[in-house]
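J.: Below are the chains, spelled out letter by letter.
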Amino acid sequence: MTDAELTTAWSLCSVTPGINQIAITALIGQKVRGVTGAIVAAAGLLTVGSIVTVFLTLSYRRVQSLAGGQIEAALRGIIPATVGIGLLTCWQLLRPQIAPPKNAPDAPVPLRVGQIQAVVLAVAAGAILTFTRLPVVVLLLAAGCVGVGVAWRFQRAGKEAQSGA
Amino acid sequence: MNPASPDAAVPLWAWAWLVLKASLLSTSGVGNIPSLHADLVPTGQATDAQFAEAFAIGQITPGPGGLWVVALGVLLGGLPAGLAALGMICLPPFLVLVVRRLHERVQDNPLVIGFLRGLSAAIAGVSLVTLARLLLSVGISPVTLGIALGALGLSLTRRVPILVIFALAAVAGLLLR
Numbered sequence: 001m002t003d004a005e006l007t008t009a010w011s012l013c014s015v016t017p018g019i020n021q022i023a024i025t026a027l028i029g030q031k032v033r034g035v036t037g038a039i040v041a042a043a044g045l046l047t048v049g050s051i052v053t054v055f056l057t058l059s060y061r062r063v064q065s066l067a068g069g070q071i072e073a074a075l076r077g078i079i080p081a082t083v084g085i086g087l088l089t090c091w092q093l094l095r096p097q098i099a100p101p102k103n104a105p106d107a108p109v110p111l112r113v114g115q116i117q118a119v120v121l122a123v124a125a126g127a128i129l130t131f132t133r134l135p136v137v138v139l140l141l142a143a144g145c146v147g148v149g150v151a152w153r154f155q156r157a158g159k160e161a162q163s164g165a
Numbered sequence: 001m002n003p004a005s006p007d008a009a010v011p012l013w014a015w016a017w018l019v020l021k022a023s024l025l026s027t028s029g030v031g032n033i034p035s036l037h038a039d040l041v042p043t044g045q046a047t048d049a050q051f052a053e054a055f056a057i058g059q060i061t062p063g064p065g066g067l068w069v070v071a072l073g074v075l076l077g078g079l080p081a082g083l084a085a086l087g088m089i090c091l092p093p094f095l096v097l098v099v100r101r102l103h104e105r106v107q108d109n110p111l112v113i114g115f116l117r118g119l120s121a122a123i124a125g126v127s128l129v130t131l132a133r134l135l136l137s138v139g140i141s142p143v144t145l146g147i148a149l150g151a152l153g154l155s156l157t158r159r160v161p162i163l164v165i166f167a168l169a170a171v172a173g174l175l176l177r
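Residue numbers (our numbering), protein chains in the order written: chain A, 1 to 165; chain B, 1 to 177.
Be a bit skeptical, because a hint or two may be false.
Covered stretches of chain A, going by a simulated chain B footprint (3 or more residues, C-beta under 8 Å) [what the hints assert, rightly or not]:
| hint | segment |
| --- | --- |
| 1 | 3-14 |
| 2 | 46-60 |
| 3 | 69-83 |
| 4 | 107-115 |
| 5 | 145-157 |
Non-contacting residues of chain A with respect to chain B, defined by C-beta distances greater than 12 Å in every case (computed) [what the hints assert, rightly or not]:
| hint | residue |
| --- | --- |
| 6 | K31 |
| 7 | Q92 |
| 8 | P101 |
| 9 | E160 |
| 10 | A161 |
| 11 | Q162 |
Partial chain A-side listing against chain B, Cβ under 10 Å, derived [claimed, not checked]:
| hint | residue |
| --- | --- |
| 12 | Q30 |
| 13 | V32 |
| 14 | T130 |
| 15 | L139 |
| 16 | L141 |
| 17 | S163 |
Hints listed in this document are in silico derivations from the structure and should not be mistaken for laboratory results.
Think of the CB as a built atom: it goes at the ideal place given N, C-alpha and C, for glycine as much as any other residue.
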């Protein structure tokens, strides 16, 4: 695979739902040996990790029943740590829109608009989830549609500006 | 499946559907956390502690961090649920093979990019709410806030393995109980 092909592959993975590492692995496998290659590559990526995950979780369940008090105490430390690491994940989701790297591809909207959109959608989604019973799936789809609407608005404005010039 | 409360069992097929639905609307391996949390915790089918345990296991095991949902499945329903989760998280990424055929139309399409940007921002927002609820489950105190900020600080350095961060947090929990 060339650098250009890999870059293109990562771009495609960014518009595909789910785990990006599985998607890129499937693309590489497909390039080598078609759909069969994609499946084999993904299986190779996931086999060891899945086995270790299952084994570790089953072991944890067994230990949990034997040392309940100590596990609970350890969790009182692990849960806040999970929250801390989760905050980093949230930032990584927002960063491409709020503080994009210099070599980032062109966004469909101006930077300032993108920053405001990201913050407004994040706050609104959190508030709606907190104070209403709207299903998360509907909330996420609605936010995606807002993103489409804003991008379409600026795309149309850009075409009008071009035709006017 | 082993529910958090005995009266809240979720059938295996329903669990598989919840995982698939959440993964179809996620943009990363952990983007499905808010959707699954909203579906399972309010109904007593899972607890905040189980989510935290599964997330921690997913972070320290080899492979994609998205395998956390396999750990959650095993915690809730043993091996069958874990395998069901594994199958379901594999399906959405394979859509890339379809996307690849359309890539010239999709890749740089501003509307597709706009949709993903809106989706990602919303996932960040609902994730923050989920994280707040997780923290509330153990109580907000100087100790828990200190551990959370400490974990955030250590992970920002990108020099401390996540396994070490969780181990330190577990020790802190044991020492400070």
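J.: Of the hints stated earlier, which fail here?
T.: Structure breaks hints 6, 7, 13 and 17.
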